[in-house]
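In the order they appear, the protein sequences are chains Y and F.
So the first sequence is residues 1 to 464, counted in our numbering.
So the second sequence is residues 1 to 217, counted in our numbering.
No lab work stands behind these hints, which were simulated from the structure alone.
Just to be clear, a hint being listed does not mean it is correct.
[Stated by the list, open to error] Computed, partial: chain Y to chain F, Cβ under 8 Å:
1. L126
2. V139
3. A142
[What the hints assert, rightly or not] Restraint ranges, calculated between C-beta atoms of paired labels, are given here:
4. Y:F17 <-> F:P105: 43 to 49 Å
5. Y:L417 <-> F:P105: 55 to 61 Å
6. Y:Q434 <-> F:N128: 56 to 62 Å
7. Y:P64 <-> F:G214: 48 to 54 Å
8. F:A108 <-> Y:A14: 47 to 53 Å
9. F:Q103 <-> Y:S265: 30 to 36 Å
10. Y:D206 <-> F:T78: 28 to 34 Å
11. Y:V18 <-> F:T78: 23 to 29 Å
12. F:R37 <-> Y:K24: 28 to 34 Å
13. F:A108 <-> Y:C421: 56 to 62 Å
14. Y:D50 <-> F:S15: 52 to 58 Å
[Said to hold, decoys possible] Some chain Y residues flagged as far from chain F (calculated, every beta-carbon gap over 12 Å):
15. I41
16. P48
17. T53
18. L68
19. R232
20. Q233
21. S364
22. Y376
Every residue, glycine too, gets a C-beta built ideally from N, C-alpha and C.
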Amino acid sequence: MHEAVYWVALLPLAAAFVIALVRKLRWVPVALGLATALACIQLVLSLPLDDVTGFLGQQWMLDPTGRLLLLFVYAATAVLLAIAAFTEQAESFPAPALVSAGLLSAVVLLRSSMLSFMLLPVALLLLVLTASRSFPSAVPGASRFLVWTTLPILCVPAVFMLLERFAALPDQPVLAEWSAWLTIPPVVLWLTLFPFDGATRLWSRDGLSIGPVFLWAVKDAVVIYLMLGLWRQYPMLQTENVTTVLGIAGLMTAVFSGVLAVAQSSPSAVLACAAMSELGLVLQGITTSTDEGVLGGLFLLVSRSVAVLLASASLAAVSHVVARESESNMQSFRWRSLVLLIAFSLSVLTMAGMPPLGGFAVRSQIYATLLAQEPYLHLAWLLASMGITLGLVRAGWSLWHAKAQSPAGRLHDLPLLLVLCLLLLCLWIGLYPQDVMGRISEWYRDLLPTFHSVSSCLTVPCVL
Amino acid sequence: MSPTFLHEFDSLSSSYTPQLVAGLAICGAVLVVSGHRLAIVAFLVQRLIVVALLWPSVRLPLAAVMLLASIAAALVYTVTEGRLLIAARHVRHTSQRRSFLVQVPFRALAAALGLLVTYGLVQGYGSNLLPLAVASTVVSLLVSSLLVVILANTGLQTGLGVQTFIDACRVLYALWQPNSLVWGLWAVCDVLVALAACHLRNTEVAVVERQTAGECG
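Working from the sequences, and respecting the hints, build out all of it.
Right, here's the structure in full:
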């Protein structure tokens, strides 16, 4: 009986096949995709927890954290499908996104870490198929993403081979140290941290492309889940050197992406910079290896995902709302545009860590755990926040003066409704961070105790 | 496959290793220098050589999976290029995007540099870590893949570069008792890279057409 439920990973693949057949009909793929995402949510809720099941010759298991992650993956995919329906990307987005979501489900459900890590690039490179011809910058961005996604394929088998050798020869810590170092390239490349973060920014430079939004909202959460799972399973991989290098990569991503936001001319590019900058802070929090730091990092990840979805929905709704307002009355106040502008600004400011939004309090928590008495870190974060805010001012101006690009049609106020729902969620996270933090610590209770024990495992000698 | 054919394949990989490695280096150079159609042929020949070289390590089922994936990828590339050619898009597209990087002399110079780097690396370091034939194969594939990716002007060339890089990883992985499931996943990855590269190629042609139509309109 349980085996049948594990078709959850395969359901999106079947739906994507059907969607590929009917892609010419604009609304059918979106409706099918939404139905699949909802069906998957129902299936995940019915899956038994911590129960190992054999299926397709492999062992599969769902832990509580994995369940929440899968629910988030399907919910975010459904929101993105709805956003795609408002834009011109309804043809290119649903099928690859559903296949990718299905493969990411398999990544989460598989018990073998090695297979999960081998399947991850397959799931990611499918997103290249979402590159849309509407945005010329999407092609070079997706080309670079294709390269960065597949390059770590060399490191993954090497990590596990060295770990196997280390298990057979525990008196040779150099093997564990080598495997720990080899985990850095996959994490840096799959999260597209600095200097590779330009790939995802480039992808959305001249308009809202839904593919990279999937990367920021869904992919990053899965990669971080896998990284934490790997550290939990093999504590010897979480050495001080590795966390330091990843922390530095996170800091550089945060600062450079934030500062580069000033130079961006389109709102979607500013959103990209803010999303990458926030990801850098998330990684800094997680690599502190303390409960407070990891919790802070995970809070920022949740807050960032919601903010990215809100900003994308706002940008997608702008052209329709402007068209509607132009049709109705030229003289009346553009309250719909104002709502969208506020929603977009709020989401970007959340990622910039502006008080009193949730990101501000949590940043202070991460800062405290980093024990950085030196002012440079605080200044660096401030610089990134200022860059994003200045970029937002520029983007807000162009958003307010946006011209109608497509007729309003029969969409009515559906995009606005989606934006309002996400806005309420974003505000709830921002205004009640302690509630959200409490829930996150409850969800991740099975991960956090290991971080106490990890501290004692950091004594693997540095032989290199 | 018939036993006679397998025997021939055995003797090919054991007796002609230096020739096969040299062929691999030449294919890498052709991949760097040539345009799309010749590059697809070079890629397929390169794959056949890699299968022949890996034959003693991986044997029939895994080698057959790799061969099938290679043929599928080459087919995807060929169909895409053929379709673009028939639609008369190909000529217009390349003539508009011709830049310094795609000039043949520059690419030939890069290929020569690649061969030199390969020779230097194998002589200097490779033979200390791995058997000479393996080191030559891996270094040759790595250098040519990096050059193809760096000089890539289209999504299709990027895909070919990525697949060449995956080949280098595969040769290294074949040395450590390969898991058939991982091997199969790599084959799937191979075909998906080809599909993604062809999608990018189609999209960039469509973007150029759209821009041209916009300028004319």
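Hint check:
Interface hint at L126 (chain Y): satisfied, since its Cβ lies 6 Å from the closest Cβ of chain F, which is below the 8 Å cut-off. Taken as an interface hint, V139 (chain Y) checks out: its beta carbon lies about 5 Å from the nearest beta carbon of chain F, inside 8 Å. Proximity of A142 (chain Y) to chain F holds as hinted, the smallest CB-CB distance being about 6 Å (cut-off 8 Å). Under the hint 43 to 49 Å, the C-beta atoms of F17 (chain Y) and P105 (chain F), about 46 Å apart, fit the expected range.
At about 59 Å, the beta-carbon gap between L417 (chain Y) and P105 (chain F) stays in the expected band of 55 to 61 Å. Between Q434 (chain Y) and N128 (chain F) the beta carbons are some 58 Å apart, a value that agrees with the proposed interval 56 to 62 Å. Checked against the hint of 48 to 54 Å, the C-beta distance between P64 (chain Y) and G214 (chain F) comes to roughly 52 Å, which is consistent with it. Between A108 (chain F) and A14 (chain Y) the beta carbon distance is about 48 Å. The supplied range of 47 to 53 Å therefore holds.
Roughly 32 Å separates the CB atoms of Q103 (chain F) and S265 (chain Y), a value that falls within the hinted 30 to 36 Å. In this structure the supplied range 28 to 34 Å holds for D206 (chain Y) paired with T78 (chain F), their Cβ-Cβ distance being about 32 Å. Under the hint 23 to 29 Å, the C-beta atoms of V18 (chain Y) and T78 (chain F), about 28 Å apart, fit the expected range. Separated by about 30 Å at the C-beta atoms, R37 (chain F) and K24 (chain Y) satisfy the suggested range of 28 to 34 Å.
A hinted range of 56 to 62 Å holds for the C-beta pair A108 (chain F) and C421 (chain Y), which are about 58 Å apart. A beta carbon spacing of about 56 Å between D50 (chain Y) and S15 (chain F) agrees with the range 52 to 58 Å that was offered as a hint. Interface exclusion of I41 (chain Y) from chain F stands, the closest Cβ pair being 26 Å apart, more than 12 Å. Chain F leaves P48 (chain Y) outside its interface by the beta-carbon criterion, the shortest separation being 25 Å against a cut-off of 12 Å.
No Cβ of chain F comes within 12 Å of the Cβ of T53 (chain Y); the nearest lies about 17 Å off, and the non-interface call holds. Look at L68 (chain Y): its CB is around 27 Å from the nearest CB on chain F, clear of 12 Å, so calling it non-interface holds up. Annotated as non-interface, R232 (chain Y) keeps its C-beta farther than 12 Å from every C-beta of chain F; the closest such distance is 22 Å. Look at Q233 (chain Y): its CB is around 18 Å from the nearest CB on chain F, clear of 12 Å, so calling it non-interface holds up.
The Cβ of S364 (chain Y) lies farther than 12 Å from every Cβ of chain F, with a closest approach of about 42 Å, so its non-interface assignment holds. Listed as outside the interface, Y376 (chain Y) is consistent with that label: its C-beta sits roughly 35 Å from the nearest C-beta of chain F, beyond the 12 Å cut-off.
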